[in-house]
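Colleague: Please take these sequences and the hints and turn them into a complete structure.
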Amino acid sequence: GQQLNQSPQSMFIQEGEDVSMNCTSSSIFNTWLWYKQDPGEGPVLLIALYKAGELTSNGRLTAQFGITRKDSFLNISASIPSDVGIYFCAGPTDSWGKLQFGAGTQVVVTP
Amino acid sequence: NAGVTQTPKFRVLKTGQSMTLLCAQDMNHEYMYWYRQDPGMGLRLIHYSVGEGTTAKGEVPDGYNVSRLKKQNFLLGLESAAPSQTSVYFCASSYMKIWDLASSYNEQFFGPGTRLTVL
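Order-wise, the sequence lines are chains S and U.
Numbered by the numbering used here, the letters in the first sequence go through residues 1 to 111 in order.
Numbered by the numbering used here, the letters in the second sequence go through residues 1001 to 1119 in order.
Where hints are given, some of them may not hold.
[Stated by the list, open to error] Cross-link-like lysine-lysine pairs, in silico, BS3-like; alpha carbons within 25 angstroms at most:
hint : chain 1 : residue 1 : chain 2 : residue 2
1    : S       : K98       : U       : K1071
2    : S       : K98       : U       : K1014
3    : S       : K98       : U       : K1070
Read the hints as simulated data drawn from the structure, not as lab findings.
Modeller: What follows is the structure in structure tokens.
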């Protein structure tokens, strides 16, 4: 099946720094999704991307759909303590909405 | 609206015991999903349902059974728990639509999770 490789596995950053993470696939996705999971909670959708090359923002978050359709990037600008959590990339794998998830990037923000 | 709720929040089982996890949604969603989350592995789909009375296998279905007798509920059962089933379990739901992979996505809404430990 399709594999999503997400990197880095974890990041320890200082408040105010920018964060970048990416996700690559062995095959093409037509949609890329970025979810965030707060500690002790379920994932919540942050951004959905539908077209190759698309750049979409949600507040301090910006995500891009790679031109090859095999990768996607998420940037967080000026990080704050509430950015802590696990960020997952995901892509739909069939018409029933089933998702393939990356392993996640754990973000820890220190004051 | 409560969204997606899961019961229980925590459970400890002994090997060989059985239990049922309950997922309930009040958004009138057609589709429901059960995932498990293990460290370093993201979320993996166990079973899913595309409507009342229907279920299908996901990526890691072995050792689990599911039922969708009512549209708003999706039950996940472990008949004989094993330590390998120690995990955090998440339920999710989404609307049904005519799916067009090139244009849109029906967001999956997740519950808060159930942390299961099998000794």
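Colleague: Next step is simple, just say for each hint if it's right about the structure.
Modeller: Checked hints:
1. Proposed proximity of K98/S and K1071/U is supported: the alpha carbons are some 18 angstroms apart, at most 25 angstroms.
2. With a CA separation close to 31 angstroms, the supplied pair K98/S and K1014/U exceeds the 25 angstroms bound.
3. Taken as a hint, the K98/S and K1070/U pair is honoured in the structure, with Cα atoms around 21 angstroms apart against an allowance of 25 angstroms.
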